[in-house]
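Chemist: If you're matching them up, the sequences are chains H and E in order. Residue 75 in the numbering used here sits at position 75 of the first sequence; the count goes up by one each step and never skips. Residue 189 in the numbering used here sits at position 189 of the second sequence; the count goes up by one each step and never skips.
Fair warning: there could be bad hints in the mix.
To be verified - The calculated label-pair distances, taken between Cβ atoms and stated as ranges, are: (1) E:ASP159 <-> H:ALA70: 30 to 36 Å; (2) H:ARG34 <-> E:GLY41: 33 to 39 Å; (3) E:ASP20 <-> H:PRO61: 17 to 23 Å; (4) E:ASP12 <-> H:LEU28: 46 to 52 Å; (5) E:ALA109 <-> H:LEU28: 21 to 27 Å; (6) E:GLU135 <-> H:GLU76: 39 to 45 Å; (7) H:ALA62 <-> E:ALA105: 47 to 53 Å; (8) E:LYS190 <-> H:LEU31: 26 to 32 Å; (9) E:ALA109 <-> H:ARG34: 17 to 23 Å.
Don't read these hints as lab results, they were simulated from the structure. Every residue, glycine too, gets a C-beta built ideally from N, C-alpha and C.
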Amino acid sequence: MLRCKEVVEQVASDAGARPLTSRLAVALHLLMCRHCRGYVRQLRQIGAAARRLYQSVTLDPAAAARVTAAVRQAAEQARPPAPPGPLDPL
Amino acid sequence: VTTPREPQAKIDAIRRRDPDALEAVARECLLPLTRAARAWGLAGDDVQDAVQEALLVFVRKAEQFDGRASVRTWLFGILIRKIAERRRALVREEAVDDIDAVVDARFDADGRWLRPPRPTDAAATAGEVMTRVEECLEDVPDRSRSAFLLREVEQMETDEVCKVLGVSANNLGVMLYRARNRLRECLEAKGIHGSADAAV
Numbered sequence: 001m002l003r004c005k006e007v008v009e010q011v012a013s014d015a016g017a018r019p020l021t022s023r024l025a026v027a028l029h030l031l032m033c034r035h036c037r038g039y040v041r042q043l044r045q046i047g048a049a050a051r052r053l054y055q056s057v058t059l060d061p062a063a064a065a066r067v068t069a070a071v072r073q074a075a076e077q078a079r080p081p082a083p084p085g086p087l088d089p090l
Numbered sequence: 001v002t003t004p005r006e007p008q009a010k011i012d013a014i015r016r017r018d019p020d021a022l023e024a025v026a027r028e029c030l031l032p033l034t035r036a037a038r039a040w041g042l043a044g045d046d047v048q049d050a051v052q053e054a055l056l057v058f059v060r061k062a063e064q065f066d067g068r069a070s071v072r073t074w075l076f077g078i079l080i081r082k083i084a085e086r087r088r089a090l091v092r093e094e095a096v097d098d099i100d101a102v103v104d105a106r107f108d109a110d111g112r113w114l115r116p117p118r119p120t121d122a123a124a125t126a127g128e129v130m131t132r133v134e135e136c137l138e139d140v141p142d143r144s145r146s147a148f149l150l151r152e153v154e155q156m157e158t159d160e161v162c163k164v165l166g167v168s169a170n171n172l173g174v175m176l177y178r179a180r181n182r183l184r185e186c187l188e189a190k191g192i193h194g195s196a197d198a199a200v
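Pulled out of the complex, with its shape left as it was, chain H reads as follows:
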């Protein structure tokens, strides 16, 4: 049985690749521990709030067009010169 501190360590450092054994052990602990359930719920709430905050940022269309144009211009200037086309008959 995991201790509360170990649950906190495993959940808070989760980078998305937690092994099944860890997930099962944590789930089992959570069934029996109200404090850890509360902790995990708060971390989820924080993640959700951060995602909402991030999604509330939108693009200013004029600024977006300026940046895209600057990128295109830089790409065109940085290109190697185009191979010569067919010779002009005159």
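Go by the hints and put chain E onto chain H.
Modeler: Here is chain E on its own, set in the frame of chain H:
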């Protein structure tokens, strides 16, 4: 990882600096980059400046793009370095962080809660929580905040986050642990997790 993250045709077009391909990259990544720059604490014209600078560095280095990481991963890496330069912040991880001691003090010697988290305040609206999270993010050190944003908010895969930040999976775990606990402690201090009286 040996499988390319992007289609070969796209990689080739980027490498030869095809203007259409690079413009498409800019369109595709503009919003995520802008959001990231904002979340990292830039405001006003600095946001657009940093994003444009990152995209222009990408154009300049396009022939080095090998597709082993996604375009987005490359761009986030460049953006983080640009922002760090702007703030002249140190892009290094501190060996110790006082948040570690704060969390440790919540447990007894057997690893049981001594000071359990306060229950969430049911009256706090989603908007309030969001505002508090924004305030609290400012106090999270740059490296930990980057890790938290890429993983939790941008929902990037673990190995991509490691590439962007140039850290091992273990280091990433430490950064996430610190960011999440710092945010949680900060919210609790601001009362968003309810008062002690409201416990149970």
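Chemist: All the hints need checking, so say for each whether the structure fits it.
Modeler: Now for the hints, and whether the structure bears them out:
Checked against the given bound of 30 to 36 Å, the beta carbons of ASP159 of chain E and ALA70 of chain H, roughly 31 Å apart, stay inside it. Take ARG34 of chain H and GLY41 of chain E: their Cβ atoms lie about 36 Å apart, and the range 33 to 39 Å holds. At roughly 20 Å, the beta-carbon separation of ASP20 of chain E and PRO61 of chain H lies within the given 17 to 23 Å, and the hint holds. Roughly 50 Å separates the CB atoms of ASP12 of chain E and LEU28 of chain H, a value that falls within the hinted 46 to 52 Å.
At roughly 23 Å, the beta-carbon separation of ALA109 of chain E and LEU28 of chain H lies within the given 21 to 27 Å, and the hint holds. Between GLU135 of chain E and GLU76 of chain H the CB atoms are about 43 Å apart, so this pair conforms to the stated range of 39 to 45 Å. For the pair ALA62 of chain H and ALA105 of chain E, the beta carbons lie near 51 Å from each other, so the given range of 47 to 53 Å is met. At roughly 30 Å, the beta carbons of LYS190 of chain E and LEU31 of chain H sit within the given window of 26 to 32 Å.
Between ALA109 of chain E and ARG34 of chain H the beta carbons are some 21 Å apart, a value that agrees with the proposed interval 17 to 23 Å.
In this structure, every one of the numbered hints holds.
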